[in-house]
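Quick note, the sequences are listed as chains A and B, same order. Residue numbers are given in my numbering: position 131 of the first sequence equals residue 131, and the series is strictly consecutive. Residue numbers are given in my numbering: position 28 of the second sequence equals residue 28, and the series is strictly consecutive.
Worth flagging that the hints you see were computed from the coordinates, not collected in a lab. Quick caveat: nothing in here was measured; it's all calculated off a predicted structure. It cannot be assumed that every hint is accurate.
Which copy? The list can't say, so a pair holds if one copy fits it or any two copies do.
Unchecked claim - Below, simulated PhoX-like cross-link-like pairs (lysine-lysine); rule was C-alpha separation at most 25 Å, straight line:
#1 K28 x K134
#2 K134 x K51
#3 K78 x K134
#4 K121 x K47
#5 K73 x K95
#6 K142 x K42
#7 K142 x K78
#8 K95 x K78
#9 K126 x K78
#10 K121 x K28
Number of protein chains: 2
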Amino acid sequence: MGLRQIVVMVSAFLVMGIGLTFAQANEKELEAVRAADAAWMKVYHAKDLDKSLSFLDEQGSMLVSNAPIATGKDALAKAIAQDFAAGTLTWHGNKAGVARSGDLAYTSGTYEWILNDSSGKTATDKGKYLTVWKKEADGSWKVLYDMFNSDLPPR
Amino acid sequence: MGLRQIVVMVSAFLVMGIGLTFAQANEKELEAVRAADAAWMKVYHAKDLDKSLSFLDEQGSMLVSNAPIATGKDALAKAIAQDFAAGTLTWHGNKAGVARSGDLAYTSGTYEWILNDSSGKTATDKGKYLTVWKKEADGSWKVLYDMFNSDLPPR
Chain A
1 MGLRQIVVMV
11 SAFLVMGIGL
21 TFAQANEKEL
31 EAVRAADAAW
41 MKVYHAKDLD
51 KSLSFLDEQG
61 SMLVSNAPIA
71 TGKDALAKAI
81 AQDFAAGTLT
91 WHGNKAGVAR
101 SGDLAYTSGT
111 YEWILNDSSG
121 KTATDKGKYL
131 TVWKKEADGS
141 WKVLYDMFNS
151 DLPPR
Chain B
1 MGLRQIVVMV
11 SAFLVMGIGL
21 TFAQANEKEL
31 EAVRAADAAW
41 MKVYHAKDLD
51 KSLSFLDEQG
61 SMLVSNAPIA
71 TGKDALAKAI
81 AQDFAAGTLT
91 WHGNKAGVAR
101 SGDLAYTSGT
111 YEWILNDSSG
121 KTATDKGKYL
131 TVWKKEADGS
141 WKVLYDMFNS
151 DLPPR
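Kindly produce the complete structure, drawing on both the sequences and the hints.
Below is the structure:
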């Protein structure tokens, strides 16, 4: 086997190896993103403001209905606190996707929001959400964008 | 130079080459996604249903406020036709990001919607949007998810 053949073979294996690494990383990252989505829901449902905030990227944004876009820690803390005051939120992801390079992902699904009423009664809002996730330098997945809106007519 | 050194050097150049290719592809794809976002707005603003539909992936979804999620061509055509009937929409992207692998991307920005009123008057809605894009097999960018909501109080 000549030098040229060896170089071609090594190159081919390297490219295949990188391809396989991507496919495996992708599968692993898809699970990680789904887990992050569910873990975020858990602390959001429990109304833990600090832990809920910790799932967002430093430049993360929440696009809340009937309010301007909230970007950065202070605005996000305010938006999340308003969600907590309004009621109790539960969501379930039913779709997720990750880029081959494992640095960008999305999740989407449905939510149920038990809303407090000024009269002490509750109302139930149902809707859908879309979240864009970014892989941080430390390997964790953080929320870059989060948005949800109601399936129901305006109240 | 021994065989081992040659193999190491070729491998190093190959990995560097792949890295550079990603960086260049990323820059090019970011421009392509921004262009797709602007081109979609143009046909949406002009109320061209077929062209507006053509920007969505076959399994694309629109997450419209106060309506269930619309997925697939028939549901999307209905959702877009409803948007067209409601008024005239203009949007401007101000953020965009692409995965290193150039297969997944997002755009986000603001919209202005001149809404028709049953009395013949118009009202202006302002809000924000988030779009997730997928690179198709033919190299084009198509919408996987699109969602927008109002900054204003419920009407």
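So, going through the hints one by one against the coordinates:
1. When the C-alpha separation of K28 and K134 is checked against a cutoff of 25 Å, the pair qualifies both within a copy, at 15 Å, and between copies, at 20 Å.
2. With identical chains, the CA atoms of K134 and K51 are at most 25 Å apart within one copy only, with a shortest distance of 17 Å there and 31 Å across copies.
3. For the identical chains of this complex, K78 and K134 are intra-copy neighbours only, at 22 Å inside a copy versus 32 Å across copies, given an alpha-carbon limit of 25 Å.
4. In this assembly of identical chains, K121 and K47 lie within 25 Å of each other by CA distance solely inside one copy; the values are 20 Å within and 43 Å between copies.
5. Within a single copy, K73 and K95 get their C-alpha atoms only as close as 27 Å, which misses the 25 Å cut-off; across copies the closest is 18 Å, which meets it.
6. When the C-alpha separation of K142 and K42 is checked against a cutoff of 25 Å, the pair qualifies only within one copy, where the shortest distance is 15 Å, while the shortest distance between copies is 32 Å.
7. For the homomeric pair K142 and K78, the shortest alpha-carbon distance inside one copy (18 Å) is at most 25 Å, but the shortest distance between copies (34 Å) is not.
8. Taking CA atoms no more than 25 Å apart as the test, K95 paired with K78 passes between copies only; the shortest distance there is 22 Å, against 28 Å inside one copy.
9. When the C-alpha separation of K126 and K78 is checked against a cutoff of 25 Å, the pair qualifies both within a copy, at 22 Å, and between copies, at 21 Å.
10. In this assembly of identical chains, the alpha carbons of K121 and K28 never lie at most 25 Å apart, being 43 Å within a copy and 54 Å across copies at closest.
Violated hint for the displayed structure: number 10, the only one.
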